[in-house]
Every structure is written in C-alpha cells, then in structure tokens.
Amino acid sequence: MKPTDIGDPAYFHKVVDCQWACPAHTPVPEYIRMIAAGRYSDAYMVNWESNVFPGILGRTCDRPCEPACRRSRVEDGEQREPVAICRLKRVAADNKDDVNARMPRPPEKKNGKRIACVGAGPASLTVARDLLSIGYNVTIFEQDPFAAGMIRSQIPRFRLPESVIDEEVGYIANLGLDLRLGKRIESLAALLREEFDAVFIGSGAPRGRDLEIPGRQEAAANIHIGIDWLSSVSFGHIESVGKRVIILGGGNTAMDCCRTARRLGGEDVKVIVRSGFEEMKASPWEKEDAMHEGIPILNYLVPKAFVHEAGRLVGMTFEKVEAVRDERGRRKLVPTGEPDQLYPCDDVLVAVGQENAYPWIERDIGLEFGEWDMPKVDPVTFQSTLPQVFFGGDAAFGPKNIIWAVAHGHDAAVSIDKLLNGESLTERPSPLVNLVSQKMGIHEWSYDNDVSLAERFKVPHTDPSISLKNIRIEVELGFDRQTALKEAARCLNCDVQTVFAPRLCIECDACVDICPMDCITFTSNEDETLLRTHLRAPALNLTQDLYVADGLATGRVMVKDEDVCLHCGLCAERCPTGAWDMQKFLMQTTKAGPGCRPVAPARKAA
Amino acid sequence: MTYITKPRLHHPSLTRNEAGYTRRDYEGKISTLCAGCGHDSISAAIIQACWELDIEPHRVAKLSGIGCSSKTPDYFLGASHGFNSVHGRMPSVLTGANLANRDLVYLGVSGDGDSASIGLGQFAHCVRRGVNMTYIVENNGVYGLTKGQFSATADKGSKSKRGVLNSDSAIDLVALALQLGATYVARSFSGDKDQLVPLIKGALAHEGAAFIDVISPCIAFNNHSGSTKSLDYVREHNEAVNRIDFFPSREAIVADYAPGSVTDVPQHDGTILRLRKLHADHDASNHLEAMAYLQKHQALGEIVTGLLYVDPNPEDLHAHLQTVSAPLNTLNAGALSPGKAALDKLNASLR
Ligand SMILES: Cc1cc2nc3c(=O)[nH]c(=O)nc-3n(C[C@H](O)[C@H](O)[C@H](O)COP(=O)(O)OP(=O)(O)OC[C@H]3O[C@@H](n4cnc5c(N)ncnc54)[C@H](O)[C@@H]3O)c2cc1C
Ligand SMILES: Cc1ncc(C[n+]2csc(CCOP(=O)(O)OP(=O)(O)O)c2C)c(N)n1
Ligand code: SF4
Ligand code: SF4
Ligand code: SF4
Ligand SMILES: [Mg+2]
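From first to last, the protein sequence lines are chains L and S. Counting from 1, position 172 in the first sequence corresponds to residue 172 in this note's numbering; the numbering is continuous, with no gaps. Just so we're on the same page, this note's numbering is the position in the second sequence counted from 1, plus 1000.
To be clear, the hints were calculated from the coordinates, so they are not data collected in a lab. All C-beta atoms, glycine included, are put in the ideal place defined by N, C-alpha and C.
Facing chain L, according to a computed beta carbon distance under 7 Å, are these residues of chain S, among others:
1. I1004
2. K1006
3. P1007
4. L1009
5. H1011
6. A1035
7. G1036
8. D1040
9. S1041
10. A1044
According to the in silico footprint, chain L covers these stretches of chain S (three or more CB under 8 Å from chain L):
11. 1012–1026
12. 1231–1238
Could you build all of it, start to finish, from the sequences and the hints given here?
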C-alpha cells in the first residue's frame, strides 16, 4: 500500500468524523473543548463563523455529525452513542455573553458591488453574511413579512423560540443588510434588468405535495397541505384543529404537523405511513418525541380514499400492505388481502413531500432547466447557466436542511466573490489547515486525553402536561452547565491527530503494546485488502483510512487503523523517541474574501 | 510513566477465550517503566500467551525480585497472585510456594541483575531442583533500576552509555540453565513477539523447570552503539534456530506445513510443540548438542534464539520428593498426623 500523504488536508480532516460529516465543516471538537472550559462565547463564535446559526442549529440541526461520531464506534456494550454534538452547540448559544462586539465590522468603504438574493432563508442569509462582511452591498427580497425562511415559517415554536431566530437574523441584518420584506420577486428577467452584479436564488422548495385520491375535492375543507398549514400556524392564521387528526407521511414535516396538532386541540392524533416504521424519513429523535407526546405511528397502510358525509370529512380508508422481496431482492409493498381499514377523523394533514417551483423564472432568458424541471446548477460553484445567477439551499437541488443551505451559501458566496474579481470559479484554494503539537510536558497535553467512560447524557424536557398546552413552550430545555461539562468530556478530541515520524522510530513496540484499541501494527507492506486483515485487529471499516508510513530501519511499515483510535495519546506518551506526536488539526474552509484569493494567509491555531 | 490509566474501551473485534476473558482482562496496572522499555513488550507477550492458553488468572502465581524487570508483574495479570520478594530471592520464594501448593501455575520474573548477580545461587538451585515453573529473565545487560551499571550478563568488551568498557566475562544464563538441568530452555528477544509468545506458552505448559532468557533492551541506559543488548545490535545478530507453534492438543493443530520441514514434539501433558527448523544442524531434543551448538555459534558473535532444548518428559521437584498429589496446603491435621497406631507401625517397620 502506498504511504499516506498526510500533507493532503483531506487526510486528517477525514479523521475528525464529525467535522468531515458536517456540510459546513464546523470544527466540532474545537468548540466542545471551549464549552468544557466554560468559554461559551468563544465556542459560539467558532460555530457562528462556520454555520451562521448556532442557536437555531443547536435546537434543530439534522446533525449528520452525530451518526458519524467516533464515540458510537468505540463505546463498550450495547449502548453506543455519539457525543450530543448538536445539544452542546445550544449550550454555547444559551450561555454566551453579549457577542455583538465580536461580530465582524464591514469595511467603511463598500466595494461598490451589489448583490441581490431571492428569499430570506438560511441560504440567502449566509451569502449575505459572507459578502456583507467583506464590503459588498446585499439586498434580500422576501415575499413573507418575516425573515429566516422555513426556519420561521415551518419549524414550530415549541422546537425553536422566535427570540433565537430574531437574534441570529439580527446579527446579519446589523452588518448593513438591505432587507426588503413582503416583496415577492415575480420575474427574474425584471430583477436582472436592475443594477445588480450578481443574483443569488435561495427561494427554497415551497410547494407541498398533494394526495389525489377519491374524496380529495369533496372533503377539501378539512384536508390541509402540511407545510402550508404549518406556516399558517406560525404566522397566526390558524389557531385550532379538530379533535381527531390524521397525519399522512413519515418525514420530519409529518412529525412537526402531528406535534403541532396536539397543541392546537387535537386529542386523537395519529401518524399513518405507507411503508414500515423503520423506513420512515424522520430522524429517530423526532419520532421518539412524537410518540412521547402520545402520538401513535401506524405503518404499512396505503391511503385509499377520504371518506365524507354531507360535504364533511369523516374519516379515511387505508389498504393494509406488507413488504416482500421480489426475485431480484427488491423490496415491494403488496396488499395483504385484509379488508380496508377505516380511521375516523376530523382533519387530515398531508405531509408527503415537498417540491421546487419556479413560476417566476422565465424560460427564455438563458437560464437552462434540466430534469424534473430544476435549474441546471453546478454542484461545486452553484452557478447556473447564466453566469451571474447562482442557486443554493433547497432551491438548488431540492429540499434538504438548514446546515446544507448554509454550506451552499458559503460556496456560492465564494463563487460570487471570485466572479466579481475576475477569477476562475473552478480554481478554489484548498482550505487552510494548521497542525500544531499539543505537548506541554513529558506526559502533559493541552487537551484532556483521559477518556471519559460516561454514557450519553439526556437533555431534560418540559413535562408534556405543560408543553402540550401551549405551542410556544419549548420542549427541550438544553443541558445545564454541569451536564454540558460531562457531555463535553465524552468527546474524544478527534482533531488531535496522531502524527508519526518514521525517521525517529526505533521499532520498540511500546506504542503497539499500550494502544487500548489495537490500532497500531508494524508489519511488512502488502496491498490494502490484505493489509486490512493482517493487522493486530482487523480493519473492517472500509470508510476509515489506514495510515501507512515507510522509512523504518527494518524495512517494515507502520500501519495505523484510524477507525477506532481514541486519541488518548498513550502511543505518544509511550514512545521513547517522540516518533508519535499529538497534533491539533485545525481546518478553516475557504470563505469569500482574502481566503479565496489565489494566495491565502495562514490562520493560527487557538 | 503515564498519568492516565489505560482506557477500558477496546477494539470491537476483541474476543473472549475459553475461560471467558478478553486479552485486556489479563492486563495489570499501567506500567511505570521508561517509555519504550523492552520489559513492557515482554509483559505484553505474557498477557497474550496467558490469554491464548485460556489460563484462569486466579490459577497463576507471579513472583519476582527487585529491579525494573521485577516490577513488571504489577503490569500484567492484575487478577493473579503476586509476590515481590527481596533482591535475588525470588527462586527460593517460588520454590517454597510451589511446594506448598503444586496446583498453581508458577511464573518467576527476574532481571539479569536479580538472577545473575545477587541471586545467582538461588537461580542455580531452583533450576537444578526442577521446580515446575516458568522462569523468565528480562535481560538488558544492566541494572536498570539503579541507573545502568553493567550487570553480570553484559558482554566482555561492550561499552556502557558513558563509554566505559566492560572487562569482565559474561554469565550466559542459558548455558547455565542447560548445564543445571532445566528441561525447557529458550532465548528470545522482546522485539520479536511472534517468536516470544509461543515460547512462553510452551514454557507455561511444560511440567518442569522452564527457563527463558529474553533480551530486553533498556532504552534509557543500554540502547547505544557499543552495547550488545541494544535494539539494533540484537536485530543484526539475531539467529533464530527455529520457530515454534504451540498447540494445546493434537486436535487443535491448525497450520499445515510440508512434511519434513517441521517436527512435532508431543509433551507429557498432551500438548504439542511444533518446531519449524531454521538451522538444519540444530537439534532441540539433544541436550549435549544443544550446549555445543550454543557455544559454537556464540563464539561466532551470533545471538542464538528459539527453543534451544526441550525434554518432553520432564520430572519436577514433587516427583523427586514423591509428595502426595494433593497440594500440601490442603492437607489437614488428620492427614498430616495419622495417629499413634500409624506411628507405632512405622516404628515397628524400622526396628
Ligand atoms: C416542517 C419543516 C420542518 C423542518 N425542520 C427542520 C429542522 O428541524 N432542521 C433543519 O435543518 N431543517 C428543517 N427543515 C428544512 C429547512 O427548513 C430547509 O431545508 C431550509 O430552511 C432551506 O433553506 P433555504 O434558504 O434554501 O430556503 P427557505 O428556508 O425555504 O427560504 C426560502 C425563502 O424564500 C422565500 N421566497 C420563495 N420564493 C420567493 C420569491 N419569488 N420572491 C421572494 N421570496 C421568495 C420564501 O418565502 C422563503 O422565506 C424543515 C422543513 C420543514 C418543511
Ligand atoms: C539487597 C539489595 N542489594 C542491592 C539493591 C539495589 N538494586 C536494586 S535493583 C538492582 C539491580 C537490578 O537489576 P536487574 O535485575 O537487571 O533489573 P533491571 O532493573 O535491569 O530490570 C540493584 C542492585 C537492592 N535493592 N537490594
Ligand atoms: S468524539 Fe468528538 S471529535 Fe470525535 S467525532 Fe465525536 S464529536 Fe467529533
Ligand atoms: S491515540 Fe494512540 S494509543 Fe490512543 S487509541 Fe489512538 S493510536 Fe491508540
Ligand atoms: S513507541 Fe515510538 S519508537 Fe517505539 S515503535 Fe512506537 S513509534 Fe516507534
Ligand atoms: Mg537488568
């Protein structure tokens, strides 16, 4: 196997599982250590730089980092749980001091370039933040009377208080944002005729899918499209619902619908899904929260008809199905042959998916549309076929989530900045990385290398008897500082890398013997497949790299399986020659501004 | 020396042996030896060997004297019996323990100072009595604990870290053990666990006096050029005469080799030692030739390692003394004092 090139920024980045999985590549362990040290404001700012909405995301993020977290691969026994990364983020937001003074100050003198953003969701707000802070003029057009997009219109208040949205939108507005609320863009052609140097489209995926089955028209008064219904609730247009409510769909929207219905008077609220409970798109914790509020989830029921009497909805019928595998091993739902089941109800909320819609983009202005009637967008630069028009967030590739919208926003901002500086959009400087030894003394490290054996701590909830009465009462209460400290200690500091210097190694085996996880092997080199089976412990997780180094006196290679390393530093403590060192890897993604210019200045590790 | 304890977490593939333990269960406290010490590698090899042999930790007694090497029993088999004796006296304490309770597995761990200097007499008598034990000397050529003075196993002409030449002849503990009648004699190197682990397994299963001299570089005081016990020197001069595989029974034999290239040596207790010869002229079953081979090759500057001699049918101290098969510490007053009638009968037989 070829020796590892640890100079490639991606190599060590991948070892930081959470950061690698985070679309915005938030330096997670860096801020977790700050939380442990009580440096909440610092932790907040590290987040703010990367993901723009720490308080919002600390409550609502889809948290792709957590399933990736190393902790869930190394814990003992049945309960293998990731660090509660998302909820620690909230701790930083909840406990920080006033951070206004730490916010960037846009240059007094603007650069004279004007950017228009369509929609005030997280994607546009990210573009605005990145570009305002380096001297651009940014105008956001938003059809609704409020900013923040679906963060405000869809996510229910019991998951996300409005004050948190106001605060974090405020930080961006304070950078000198020209925010035009209540202004819908009806024509892209018209917008392009105005004096803007570039246009960013962050208009989301605003259309909820309908369910055209018998009775849909007749019972229309009590059948609601989930996302429309949720935004009507958010904006105060709807304040009650029937006692018996059925929610169709198994995604997160369905979970928000059912929990909202419980709070608006729904007593018998149930979620009904076509496929199996396991296949539902909703995150496990969303399902748990719904069930915890007394909402059953019924599965393998395909909706057949809305049943109505005298023009009023009275129930729904469903066909019972089961999952079978066909000859080719594909899963299919087939009727069980049992009689259809009738579920009486007063209201139905249809949450079966979301779509994009661009009635306001003319098809003859050079902006090409492709499959599914979606605009053609470059997945790296976010540029459309009109060079000065960019897309991001749900508008670019269909509905995702907030953190992806933020990540798109950063990349689109880089593209806009490069375009308006006459640079190539495809030549994007690699991220800034910094690798610094954490050694403080013979057996002292700047981080806490003593691995905590604690199990994941649970976030306290408001008692349902209280939270179900009022839609504005937040359900999750967040960790207190003491629990946060203990949860933070569960983080393994995966950014503190084991860096090996073959020339110093005398092959004494001390590191091999001490490693609690059997990560390290000295052996003769082979190709990767063989090598993976010939290590001290088999390296079976193919998504994790082997770190291979040659240049040893005996001609063997050092092979370290990164998979389950605890970053405990014992290898480095045991090494008599300092051939292993624990070095902190800090990576900053390329942002708009000086960093994306061809020559980038280095950033110091904190 | 490390301040944190080794985390209890382990690799997901870590398995349990027949006795129900993982390899990690055979560990002890975290070592306080210098980083890189060969002794720690030997501890790791002992842990591996005991795990592979499915030994129940409470069936083992580990005894040692004084020295860095003699400290190591604290760093393995944390759930076993232990005795840290005075300097050089481990062999006598072990002999006594073995006499009192023949049912335990005895593991003596010592250093070259502990066994070849102050404890040389103890070593000699323990071996010649054929005590059923595994006696490991962690041989670094110096007194590590007292900061690196030459020990009696340092080769004549080798240089200390400060440049002083050793003018005394070396004691070769392997030659001595052979001469004194040890029935299982091996030499190995802390840096070669593939060789060392099966040697330890064979020794633990051997029902007689088993002696292993393990060259174990002292990173702090004896790993410089001019030393003949440094990692580099040993790697360069190591001549392994064979490789052994240890099998608990005939049925357990796994790997197949071409006939002729291996010799299976069935042991008295039913275990099998499989020898893969690396040097055609070495014969581990011949006591006389083993001694001659050793002398000849040592004179050529080679460090001869491997299983140098084994007697598959050893006799131990208890056999010599014809003790009862029950451990003496289990005999009660009734068994030890059979009463007046029995005494009269005995006296009568002597008249
Ligand atoms: C019920 C529900 C719950 C969700 N919960 C979560 C969650 O917990 N966590 C999470 O990460 N994600 C969640 N999401 C997804 C998340 O809200 C979106 O992925 C994210 O908001 C997309 O951001 P965006 O900036 O692309 O667009 P949006 O947030 O959709 O914002 C687009 C904005 O553009 C405006 N707009 C559209 N067209 C025009 C026009 N022509 N002129 C002017 N303005 C226009 C819209 O009014 C809207 O304000 C949820 C989604 C739904 C539906
Ligand atoms: C009776 C007595 N004499 C001398 C000493 C001092 N002393 C302690 S350890 C040691 C030598 C240990 O050498 P070795 O057995 O080779 O162990 P190493 O530290 O090299 O592993 C000596 C002489 C002592 N502890 N007790
Ligand atoms: S243990 Fe910490 S650094 Fe490692 S993946 Fe989990 S959160 Fe990230
Ligand atoms: S830091 Fe070193 S000793 Fe600790 S688990 Fe990783 S490789 Fe093993
Ligand atoms: S402890 Fe250090 S010198 Fe010894 S084998 Fe490991 S890296 Fe090499
Ligand atoms: Mg010594």
